[in-house]
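Starting from the given sequences, assemble the full structure and let the hints guide the process.
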Amino acid sequence: MDTMFEGKRVIIFGERDGVPGPAIAECMKAAGAEVVYTVTECFV
Amino acid sequence: MPEPIIKTCAYVLVHVPGFVRHGSKPSRDLAASGEPLLEALEGHLRSFEEAVAYPPNQVFIGNLHPDRLNGIEQPWYGHPLKGASRSGLYGEIVPEEEFIGLMKLADDFDLLWLEKEAAPLFLQALKGNPFWSEEELAKKIAAGVELEKIREKIAHQASLPLYHNGRLAGCFHRHHDQDESLTAPILLENLMTKTSGALALRHLLKRAALVPEDVDFILGCSEEAVGDRYNRGGGSLSKAIGEMCGCVNATGCDVKAFCVSPIYALVHAAALVKAGVFKKVAVVGGGCLAKLGMKFKGHIANDMPILEDVLGAVAFLVTEDDGESPIIRLDSIGKHDIGSGSAQQQIMEALVLKPLDRMGMKVADVDKYATELHNPEVTVPAGSGNVPLNNYRMIAALAALRKEIDRKEIDRFVLDHGMPGFSPTQGHIPAAVPFLGHAIDGIKRGEMKNAMFIAKGSLFLGRMSQLSDGLSFLIEKNPRKR
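Chains as they are written, first to last, in this note's numbering: chain F, 1 to 44; chain P, 45 to 526.
To be clear, the hints were calculated from the coordinates, so they are not data collected in a lab.
Don't take every hint at face value.
Stated by the list, open to error - In silico SDA-like cross-links for lysine to any residue, where the CA-CA straight-line distance does not exceed 20 Å:
#1 K300(P) <-> E41(F)
#2 K29(F) <-> A387(P)
#3 K283(P) <-> W176(P)
Stated by the list, open to error - Covered stretches of chain F (chain P as the covering partner; in silico rule of three or more C-beta atoms under 8 Å from a C-beta of chain P):
#4 17-24
#5 32-44
Unchecked claim - Over the 12 Å line for every Cβ pair with chain P, so calculated as not near, a few chain F residues:
#6 M4
#7 K8
#8 R9
#9 V10
#10 I11
Note that the structure is a prediction, hence the values are computed from the model and not measured.
Ideal Cβ positions, reconstructed from N, Cα and C, are used throughout, including at glycine.
In structure tokens, the structure reads:
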């Protein structure tokens, strides 16, 4: 699990009322990814 | 020290279909796509009568309880309420022709020019207005400007064209040729917030049977950014709104916290009253032009009316205990700490569970939760989901996790302790507070004992932090009320 995204770079778009960017980033980092950009948007 | 109460609420909707094109999303898309898109937009706008008869709008102004929406078949725009009135228990729905006249009344810098033939019609529309005298209105509104002069300003000086019923009815000017904070679109946003906020404050004073001179302090909680190039967003609308309403003995400032501003402002107001600094504090939030038509493309794609055609405005009066109205429990404040985390579960734990634990209450001890009350009929067709329903499910899931309710009871919990969203998607306006009027009356009548108000703010939108934000409070039956 911790190497699932090893060597991968990820761009994260979070959603305020769904899953926000920092929460996705934590998961991706734990899975070995390099997070290059994180942003959360509000769609309401 | 006396307990602070929220004594009165006022809610106003302003139907402004002619301004939808000036919303942030429509104005950007129209600039890129031009005439065919404009035709599609105009073809999906609603009449004033349709906006009045729209069930969620009737809930907003207090003529219908939010739970009644559960019994009305969707789409709600396909099931208008027969005999619906623009006047509500808590306020009213104002038509565009009246609002444009009031914008001119609010305009201290001659930013708004009304076309010569249109100006008398806007004045006429305000005949019999209960809040501003005919003399006051006539002095500002009666004289219009030649159409040619208006066209020249639009063509050569970056003025914004204003349309009413598809016709050029005036224009709106910038106030500096190099200041990005004083461009016509930004000043228009600010003036619409000021005007709609003043309408809500006038309704509040009327409902509270207060003379304007009685208000001590005004807290603004809108989302506009007042100021010039040296202080963008650092200004305040509270005194401008109070001035327009004759609150000559009040001062004020604005509380800025994205969508959660009204909750912050109410907590500030309650603390100021509790501390004895002020006795009567008005919290006022005007409407948001930028959010008009935010999801218009989704609505056009679904061949439904563009429902984001109204500005929302709210006002609340916080005073010392009257022995009657529900109290704000100051030990109930739920806050999203910097270290709280930004996942939905963490946010709701901070805003709901922590304060309940502090008060020794269980999740189901709160009769009604008001979360952000975005109308799902606006958001779902555009792919943004049902915001209140998601929030209620999260609260119910937390209750199930704590074994306070059974998992099988989640849907029942949502129905009993939540409500359908009914607020226009105006940022700070849906932030739980649209339910305050219904809650106060329900508690006073003994139909419920308490309600919790929870709102979240999107700090990350300013690109200075990835943090979220949020605040909550509980109101409950006045212990002195028999």
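Hints versus structure:
{"no.": "1", "hint": "K300(P) <-> E41(F)", "verdict": "holds, 19 Å"}
{"no.": "2", "hint": "K29(F) <-> A387(P)", "verdict": "holds, 16 Å"}
{"no.": "3", "hint": "K283(P) <-> W176(P)", "verdict": "holds, 18 Å"}
{"no.": "4", "hint": "17-24", "verdict": "holds (count 7)"}
{"no.": "5", "hint": "32-44", "verdict": "holds (count 7)"}
{"no.": "6", "hint": "M4", "verdict": "holds, 20 Å"}
{"no.": "7", "hint": "K8", "verdict": "holds, 21 Å"}
{"no.": "8", "hint": "R9", "verdict": "holds, 18 Å"}
{"no.": "9", "hint": "V10", "verdict": "holds, 15 Å"}
{"no.": "10", "hint": "I11", "verdict": "holds, 14 Å"}
Every hint from the earlier list agrees with this structure, and none is contradicted.
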